[in-house]
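K.L.:
Now for the letters of each chain:
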Amino acid sequence: MHEASIAESLLKIAVDECKGKGYTRINNVRVCIGSASGVMPEALLFAFNALKSDTIASGATLTIEEVPLAGRCSACSSDFTTNENFVLCCPHCGSSAYTLLAGRELDIKELEVD
Amino acid sequence: MKFKVASKILEANERIARENRRIFSEAGVYVINLMSSPGAGKTSLLETTIAGLNHTLKIGVIEGDITGTDDAVRINRLGVPVVQINTGGACHLDANMITEVIPDLPLDKLDLLVIENVGNLVCPAEFQVGEDMKVMILSIAEGHDKPLKYPLMFQESAALIINKIDLRPFLDVDVEKIKNDALSLNPSIKIFELSCKSGEGVDQWTAWLQTLTS
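As you go down the protein sequences, you meet chains A and B in turn.
Note that the working numbering gives residue 484 to position 14 of the first sequence, counting from 1, and the numbers run on in steps of one.
Note that the working numbering gives residue 684 to position 133 of the second sequence, counting from 1, and the numbers run on in steps of one.
So here's chain B without its partners, still in its complex pose:
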């Protein structure tokens, strides 16, 4: 016999994500899901942001990687609460992985929690984890064709950080095309151009973060 089912396949994940978000919201913590390709500069952006905010915001970090604790070690050095998740092979974080580490974070002492997703320009865009906002990074070394090749990530993100702009003189990359294509996919996307290495453009990003959490 046949019977109808009306269920979203990802409903279980979305339900857990909503519960995570409720917990964060009640604790007064703003949550960013930070996504990019491997090597675009997620951890470097976190280091630069933590230094740039200079304790004006209390930040916590969840690091998501397939394996290893290198990123958590880097963040821990800055005296910021950090928890490492190893997905053991999975190409993205899901809501349940976040639920499991919430007790390890001092939420009542935080203003902002950044969840650094697994480096991947495809899958993390599909899975809510309980964030208020998705932010993505594209480094200019990845090329200007990426928005149109990986459109979902650009459509889902509230902000795009174009990183490594100090490399502009050495690359045949059309940064205007990145911006125009990102805006055509997502007219409301907020774009920041910066370099974690030189520090150029970081102030605008940290000032914007402060407006979000105030």
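Chain A on its own, in the form it takes in the complex:
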């Protein structure tokens, strides 16, 4: 349910960046959302569209790139990626000790503006 807070922060960053560079309208916002970030892309899109009216992003679309979860096993040193939202153990050796390499992203990447 916190996608609304995320969308609010996202819009604020986008609007500030756009105005700071002297542009007046945002047409598209591109973001990267990690699969283990806890944010549901559909809910984020819904919140973005609900909150964008009355801002310079009122006509903007939101492009969401989903980043799969990736990790490196601390036991066997192998790297892995998965389409799951969470990993309980290394798919190669079964160890539960691993370092997360990707999948927690909540990043704004690119703005398309006029």
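Here are the simulated lysine-lysine pairs, DSBU-like style, with alpha carbons at most 35 Å apart:
1) K579(A) with K559(B)
2) K491(A) with K555(B)
3) K697(B) with K741(B)
4) K697(B) with K609(B)
5) K555(B) with K579(A)
6) K748(B) with K700(B)
7) K559(B) with K697(B)
8) K491(A) with K579(A)
9) K748(B) with K609(B)
10) K700(B) with K741(B)
11) K482(A) with K553(B)
12) K700(B) with K579(A)
13) K555(B) with K489(A)
14) K728(B) with K748(B)
15) K730(B) with K748(B)
16) K741(B) with K728(B)
17) K553(B) with K489(A)
18) K559(B) with K491(A)
19) K491(A) with K553(B)
20) K730(B) with K697(B)
21) K741(B) with K660(B)
22) K555(B) with K482(A)
23) K559(B) with K741(B)
24) K579(A) with K553(B)
25) K559(B) with K489(A)
26) K482(A) with K700(B)
27) K579(A) with K489(A)
28) K748(B) with K697(B)
29) K482(A) with K559(B)
30) K741(B) with K730(B)
Computed beta-carbon distance windows for the label pairs:
31) G639(B) with S547(A): 46 to 52 Å
32) S547(A) with K559(B): 24 to 30 Å
33) G579(B) with E535(A): 41 to 47 Å
It is worth saying that the hints were derived from the structure and are not from the lab.
Glycine is no exception: its CB is placed at the ideal position from the N, C-alpha and C atoms.
Take the given structure of chain A and dock chain B to it, following the hints.
P.N.:
For chain B alone, kept in the frame of chain A given last:
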């Protein structure tokens, strides 16, 4: 035209959280962000902890709730400084809400500040508020399937308190599974089993708190 932006969406919150943490750290206050489902026993744990520490640590509390002041009234009765935040609907506390109440706390008189987050096993894990450590509670009445259903909370927490263990004879709950699943999600998580009602296991928890703040 297009231009690149390299910004974390939650950067604004994280920046405010870092500033809160700096303020707490300079005042010598250790800060715990306490999270759980509604009804797992956050306020009861605070009451039990305050009584168990018996003034050996000077504690302050920030209560986070959607609405109401019931929790702050309970803590205030124990003579502990407490501030109530009402989020007005938001399902978690964020760093800015904490910043706003810092002036209401006597930080120079505190060793430990516990921020009781809004009851919710999902969203509070996402937002830093300026804490040194996240601690979560799971009451055994919630069931042994919770670690694997709400993994982020277990991954983010430095300690897991398994509460209401006095109910064990009445429930079909596998406490070992809770512990094993929590450890597989977070091998370094520190686990305490206790009952705020019977007092069983509370000593280990309060002794650990004292080591953190000493």
